[in-house]
Amino acid sequence: MTGHANAGRPNQLLRNLHSKIASIPMILTAVVIFLGGTLWTVFYSFTNSKLLPRLTFVGLDQYERLWSAPRWLISIQNLAIYGVFSLIFSLVIGFLLAALMDQKIRFENTFRTIFLYPFALSFIVTGLVWQWILNPEFGIQSVVRSLGWSTFTFDPLYNSDIVIYGILIAALWQGTGLVMCLMLAGLRGIDEDIWKAARVDGIPMWKTYVLIIIPMMRAVFITTLVIIASGIVRVYDLVVAQTSGGPGIASEVPAKYVYDYMFQAQNLGQGFAASTMMLITVAIIIVPWAYLEFGGRKRG
Amino acid sequence: MAEVVSLNNPSVKTGLSTKLAAGPRGKKPRPMFSPRNIMVYGALIFAAAYYLLPLYVMVVTSLKGMPEIRLGNIFSPPLEITFEPWVKAWSSACTGLNCDGLSRGFWNSVRITIPSTVVSIAIASINGYALANWRFKGADLFFTILIVGAFIPYQVMIYPIVIVLREMGLYGSLTGLIIVHTIFGMPILTLLFRNYFTSLPEELFKAARVDGAGFWTIYFKIMLPMSLPIFVVAMILQVTGIWNDFLFGVVFTRPEYYPMTVQLNNIVNSVQGVKEYNVNMAATILTGAVPLIVYFVSGRLFVRGIAAGAVKG
Amino acid sequence: MNSNSVSVRDLSLSFGAVTVLETLNLDVKDGEFLVLLGSSGCGKSTLLNCIAGLLDVSDGQIFIKDKNVTWEEPKDRGIGMVFQSYALYPQMTVEGNLSFGLKVAKLPQVEIDKRVARAAEILQIQPLLKRKPSELSGGQRQRVAIGRALVRDVDVFLFDEPLSNLDAKLRSELRVEIKRLHQSLKNTMIYVTHDQIEALTLADRIAVMKSGVIQQLADPMTIYNMPENLFVAGFIGSPSMNFFRGEIKDKGGRKVIDVNGVDFAMDAYPARGPLEAGRKVVLGVRPEHVKVDEPGDEIHDAIVDIEEPMGADNLLWLKLAGQTISVRIAGSRRYAPGTALKLSFDMSMASVFDAGTENRV
Numbered sequence: 007m008t009g010h011a012n013a014g015r016p017n018q019l020l021r022n023l024h025s026k027i028a029s030i031p032m033i034l035t036a037v038v039i040f041l042g043g044t045l046w047t048v049f050y051s052f053t054n055s056k057l058l059p060r061l062t063f064v065g066l067d068q069y070e071r072l073w074s075a076p077r078w079l080i081s082i083q084n085l086a087i088y089g090v091f092s093l094i095f096s097l098v099i100g101f102l103l104a105a106l107m108d109q110k111i112r113f114e115n116t117f118r119t120i121f122l123y124p125f126a127l128s129f130i131v132t133g134l135v136w137q138w139i140l141n142p143e144f145g146i147q148s149v150v151r152s153l154g155w156s157t158f159t160f161d162p163l164y165n166s167d168i169v170i171y172g173i174l175i176a177a178l179w180q181g182t183g184l185v186m187c188l189m190l191a192g193l194r195g196i197d198e199d200i201w202k203a204a205r206v207d208g209i210p211m212w213k214t215y216v217l218i219i220i221p222m223m224r225a226v227f228i229t230t231l232v233i234i235a236s237g238i239v240r241v242y243d244l245v246v247a248q249t250s251g252g253p254g255i256a257s258e259v260p261a262k263y264v265y266d267y268m269f270q271a272q273n274l275g276q277g278f279a280a281s282t283m284m285l286i287t288v289a290i291i292i293v294p295w296a297y298l299e300f301g302g303r304k305r306g
Numbered sequence: 015m016a017e018v019v020s021l022n023n024p025s026v027k028t029g030l031s032t033k034l035a036a037g038p039r040g041k042k043p044r045p046m047f048s049p050r051n052i053m054v055y056g057a058l059i060f061a062a063a064y065y066l067l068p069l070y071v072m073v074v075t076s077l078k079g080m081p082e083i084r085l086g087n088i089f090s091p092p093l094e095i096t097f098e099p100w101v102k103a104w105s106s107a108c109t110g111l112n113c114d115g116l117s118r119g120f121w122n123s124v125r126i127t128i129p130s131t132v133v134s135i136a137i138a139s140i141n142g143y144a145l146a147n148w149r150f151k152g153a154d155l156f157f158t159i160l161i162v163g164a165f166i167p168y169q170v171m172i173y174p175i176v177i178v179l180r181e182m183g184l185y186g187s188l189t190g191l192i193i194v195h196t197i198f199g200m201p202i203l204t205l206l207f208r209n210y211f212t213s214l215p216e217e218l219f220k221a222a223r224v225d226g227a228g229f230w231t232i233y234f235k236i237m238l239p240m241s242l243p244i245f246v247v248a249m250i251l252q253v254t255g256i257w258n259d260f261l262f263g264v265v266f267t268r269p270e271y272y273p274m275t276v277q278l279n280n281i282v283n284s285v286q287g288v289k290e291y292n293v294n295m296a297a298t299i300l301t302g303a304v305p306l307i308v309y310f311v312s313g314r315l316f317v318r319g320i321a322a323g324a325v326k327g
Numbered sequence: 005m006n007s008n009s010v011s012v013r014d015l016s017l018s019f020g021a022v023t024v025l026e027t028l029n030l031d032v033k034d035g036e037f038l039v040l041l042g043s044s045g046c047g048k049s050t051l052l053n054c055i056a057g058l059l060d061v062s063d064g065q066i067f068i069k070d071k072n073v074t075w076e077e078p079k080d081r082g083i084g085m086v087f088q089s090y091a092l093y094p095q096m097t098v099e100g101n102l103s104f105g106l107k108v109a110k111l112p113q114v115e116i117d118k119r120v121a122r123a124a125e126i127l128q129i130q131p132l133l134k135r136k137p138s139e140l141s142g143g144q145r146q147r148v149a150i151g152r153a154l155v156r157d158v159d160v161f162l163f164d165e166p167l168s169n170l171d172a173k174l175r176s177e178l179r180v181e182i183k184r185l186h187q188s189l190k191n192t193m194i195y196v197t198h199d200q201i202e203a204l205t206l207a208d209r210i211a212v213m214k215s216g217v218i219q220q221l222a223d224p225m226t227i228y229n230m231p232e233n234l235f236v237a238g239f240i241g242s243p244s245m246n247f248f249r250g251e252i253k254d255k256g257g258r259k260v261i262d263v264n265g266v267d268f269a270m271d272a273y274p275a276r277g278p279l280e281a282g283r284k285v286v287l288g289v290r291p292e293h294v295k296v297d298e299p300g301d302e303i304h305d306a307i308v309d310i311e312e313p314m315g316a317d318n319l320l321w322l323k324l325a326g327q328t329i330s331v332r333i334a335g336s337r338r339y340a341p342g343t344a345l346k347l348s349f350d351m352s353m354a355s356v357f358d359a360g361t362e363n364r365v
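As you go down the protein sequences, you meet chains A, Z and X in turn. Take 7 as the starting number for the first sequence in my numbering and just add one per residue. Take 15 as the starting number for the second sequence in my numbering and just add one per residue. Take 5 as the starting number for the third sequence in my numbering and just add one per residue.
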């Protein structure tokens, strides 16, 4: 924008200089931390780093150890159970709530506030509250027992077979409000005339939802799915607060495995390998989505 | 004259109720307790009860004394209200390291949250502005890396950051943690600001450039004053996000700087001593209070913030 | 006893404290093309939605084919409806869109096929049947939307601004097609629009609406030439009618309207009642009813301010009686700005409104 008098093009590097200077933090973050950091971790996952990163390559040893460690296998199994149920229930409950909210109800704002407030709370708070509610000595189990069902058993946090479902309950409580909000925004984004046309055509409401509205909300569903899924892979604080991975190692998750090996067991190589596996999991979710989202846009 | 008037609007206001025939008229009667309404409101109220239950239990438990907790059930309201647990949670609960309660964590969180919010928003808004209005070659590539990076699990990038901060001598310090929050807040905030600035009329930017304004002048004099709502949205997003953070607090600070969430977890899950559930719940409420207040006060903006952050993500 | 296809009786509609329609009456004859015309927010779409049953009325009754349908569901009213945004079901093919309602109503497949084929033939969309709406142009989509109303085999079609989303060229094409459709089907059609050209070209009768009240209900020529009040006069016609505020005076036995000292003789005006001297009135003359440099019994001098040649027509803006007026003349007649010319007014085609009530006198 300056000095066109001095003939010729200004230096390419100096063009838009202010903008480039202002973008330095973004460039550094993107290149050094996100790209560099990721590559570094993947790279060092092939070493036998212990307390400090070392460049002694051991090939796939760390991965072999990882996949033969019971704790990792349980972590992965937990993540799978937690992930599948969390996806299904989040989407179903979130959509049902949104559909209920969309019935021109009264007190919509009050209901929205109630459904969404847990999302403002941290996983630590969420985990601790549900730890208390699910406490077998004082919580739901004892209340139901005191009502007369003396053999009633509901102690997910102390039963290694079902502990992951205890965590799931807390996670759904915290996160479904967000899904409801996203779904509601999607429902509200649908052309009012579609509903009118369906009514004139005499299509019952549930059929309109299932056959017309939900297919129209494909994009919202996919985006929500990606958001829930990337949250699932990260689940860490909730487990730490609610069970600390227990009883035993029954509620371990990959994110916690990584943290413990990096910062407590001082076995960096294992931590790097486990975190690389997390990265691959995310890539499996993200790549098809990105392909659908951005590949699809070109066609449509 | 009267005659002239009656000639007007022949189709309107002629013969009123004489025209009405027998049969349905006016609003279709819909009973307030129709099966549909009972189902809709019944389901909503049931769901609302499920969502409210933990909050209720937290409050009720925190107001009871320990003997009452041991005897009664967690849903019953306190017979004798006591604020003792709140006082203890705030000032004298033990974390295993020290016994000065949550207050230390609270002030740490304040000292972490305020600068982290300010710095991350300042940087991200300028990034977003550069991306929206001053696009340079390669900018989109960096932005794409940034957005893709938002999906990479933190665990993958934590250790390299530890090394970088250690090299800079900032590992374990508050400054280090602020940098970490700025880095991980950057994708979502940059996206938020970029989309917002892109939605502003481009003519405005062009007009300012024709008038001779440069990068910073346009940012401060034109973009900033027009963008108050989005700054508020970003602020809500960051304050709740940073306040609720646990992982970065554990990894990147020394115990004396632990934020409130870490402190809370240490108090509640500390293995020493007798479990004081009322103190634990009071501590939990205290930790959740700040984001809850932000949420209740900001209302629709909070929804807008998460929707903007999530849908476009 | 009643040859009306659609009758609206004392219809009122209010949302909370806001009244949108108040004791509105309207009779649409069998086979009639009725246009509801008005600017946005005048209640025309609301009225249409009430007729369709998409909105619950607050009071009054609605009859379709002499049946009281006030409490009926839209699907049971014997109507088909076409929307501004087409409202096609995006993930179904054109054929699916046309047949979906019929399938839900459990019609025999043979009948469905027959109806879809007929609609596709009438609208010439047979080649599109297997496509999805996203693969169609705006005009094609609107044709499919019309088809969806067509297959319902109903007597009354409701159109809610069906052409507003199309560009100007497509709009005029589809306008002709809708007119042709009406001529061949002879169904009752109620058509909402804010576009006066659409209203004038399509309608058997136009209902001009403002603030939930029908201002005038008449055939297009009557609406254009004999507007009932100042609002209708100003709303219809582009450029707008020229208005002069003045007072009726007796001058030498002739009634004149005195506008800032300029007299307009009223001899030729078909007044509805006696024109009392001293009455404040508004005189309205359409731009094409002003003659330029032609002999007339009353000549006014004016100077050309701006000339706007528009091809077929030429629009002159002049100053007269202290205000700017527009005059439409043949496109071949050119006048440079500053030219002095002589105007005469065709009072037989003029409109005079009471300045107070704004109604025609």
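Derived by calculation from the structure, the hints in this document are not laboratory data. Careful, some of the hints might be misleading.
[What the hints assert, rightly or not] As a list, the in silico DSS-like pairs of lysine-lysine whose alpha-carbon atoms are at most 25 Å apart:
{"hint": "1", "chain 1": "X", "residue 1": "Lys-183", "chain 2": "X", "residue 2": "Lys-118"}
{"hint": "2", "chain 1": "Z", "residue 1": "Lys-41", "chain 2": "A", "residue 2": "Lys-26"}
{"hint": "3", "chain 1": "X", "residue 1": "Lys-71", "chain 2": "Z", "residue 2": "Lys-41"}
{"hint": "4", "chain 1": "Z", "residue 1": "Lys-42", "chain 2": "X", "residue 2": "Lys-134"}
{"hint": "5", "chain 1": "X", "residue 1": "Lys-284", "chain 2": "A", "residue 2": "Lys-110"}
{"hint": "6", "chain 1": "X", "residue 1": "Lys-253", "chain 2": "X", "residue 2": "Lys-190"}
{"hint": "7", "chain 1": "X", "residue 1": "Lys-255", "chain 2": "X", "residue 2": "Lys-295"}
{"hint": "8", "chain 1": "X", "residue 1": "Lys-33", "chain 2": "X", "residue 2": "Lys-214"}
{"hint": "9", "chain 1": "X", "residue 1": "Lys-69", "chain 2": "X", "residue 2": "Lys-110"}
{"hint": "10", "chain 1": "X", "residue 1": "Lys-255", "chain 2": "X", "residue 2": "Lys-346"}
{"hint": "11", "chain 1": "X", "residue 1": "Lys-173", "chain 2": "X", "residue 2": "Lys-118"}
{"hint": "12", "chain 1": "X", "residue 1": "Lys-323", "chain 2": "X", "residue 2": "Lys-295"}
{"hint": "13", "chain 1": "X", "residue 1": "Lys-107", "chain 2": "X", "residue 2": "Lys-136"}
{"hint": "14", "chain 1": "X", "residue 1": "Lys-134", "chain 2": "A", "residue 2": "Lys-213"}
{"hint": "15", "chain 1": "A", "residue 1": "Lys-110", "chain 2": "Z", "residue 2": "Lys-41"}
{"hint": "16", "chain 1": "X", "residue 1": "Lys-118", "chain 2": "X", "residue 2": "Lys-190"}
{"hint": "17", "chain 1": "X", "residue 1": "Lys-79", "chain 2": "X", "residue 2": "Lys-110"}
{"hint": "18", "chain 1": "A", "residue 1": "Lys-213", "chain 2": "X", "residue 2": "Lys-190"}
{"hint": "19", "chain 1": "Z", "residue 1": "Lys-41", "chain 2": "X", "residue 2": "Lys-214"}
{"hint": "20", "chain 1": "X", "residue 1": "Lys-284", "chain 2": "X", "residue 2": "Lys-255"}
{"hint": "21", "chain 1": "X", "residue 1": "Lys-110", "chain 2": "A", "residue 2": "Lys-213"}
{"hint": "22", "chain 1": "X", "residue 1": "Lys-134", "chain 2": "X", "residue 2": "Lys-190"}
{"hint": "23", "chain 1": "X", "residue 1": "Lys-107", "chain 2": "A", "residue 2": "Lys-213"}
{"hint": "24", "chain 1": "Z", "residue 1": "Lys-41", "chain 2": "X", "residue 2": "Lys-69"}
{"hint": "25", "chain 1": "Z", "residue 1": "Lys-220", "chain 2": "A", "residue 2": "Lys-110"}
{"hint": "26", "chain 1": "A", "residue 1": "Lys-26", "chain 2": "Z", "residue 2": "Lys-220"}
{"hint": "27", "chain 1": "X", "residue 1": "Lys-190", "chain 2": "Z", "residue 2": "Lys-42"}
{"hint": "28", "chain 1": "X", "residue 1": "Lys-71", "chain 2": "Z", "residue 2": "Lys-42"}
Right, here's what the structure says about each hint:
no. : hint                   : in the structure
1   : Lys-183/X to Lys-118/X : holds (24 Å)
2   : Lys-41/Z to Lys-26/A   : violated (64 Å)
3   : Lys-71/X to Lys-41/Z   : holds (17 Å)
4   : Lys-42/Z to Lys-134/X  : violated (40 Å)
5   : Lys-284/X to Lys-110/A : violated (51 Å)
6   : Lys-253/X to Lys-190/X : violated (50 Å)
7   : Lys-255/X to Lys-295/X : holds (24 Å)
8   : Lys-33/X to Lys-214/X  : holds (22 Å)
9   : Lys-69/X to Lys-110/X  : holds (24 Å)
10  : Lys-255/X to Lys-346/X : holds (22 Å)
11  : Lys-173/X to Lys-118/X : violated (32 Å)
12  : Lys-323/X to Lys-295/X : holds (15 Å)
13  : Lys-107/X to Lys-136/X : holds (18 Å)
14  : Lys-134/X to Lys-213/A : holds (22 Å)
15  : Lys-110/A to Lys-41/Z  : holds (17 Å)
16  : Lys-118/X to Lys-190/X : holds (20 Å)
17  : Lys-79/X to Lys-110/X  : holds (13 Å)
18  : Lys-213/A to Lys-190/X : violated (33 Å)
19  : Lys-41/Z to Lys-214/X  : holds (24 Å)
20  : Lys-284/X to Lys-255/X : holds (16 Å)
21  : Lys-110/X to Lys-213/A : holds (14 Å)
22  : Lys-134/X to Lys-190/X : violated (29 Å)
23  : Lys-107/X to Lys-213/A : holds (12 Å)
24  : Lys-41/Z to Lys-69/X   : holds (20 Å)
25  : Lys-220/Z to Lys-110/A : violated (43 Å)
26  : Lys-26/A to Lys-220/Z  : holds (19 Å)
27  : Lys-190/X to Lys-42/Z  : violated (32 Å)
28  : Lys-71/X to Lys-42/Z   : holds (16 Å)
Going down the numbered hints, you'll see the structure goes against 2, 4, 5, 6, 11, 18, 22, 25 and 27, while the others check out.
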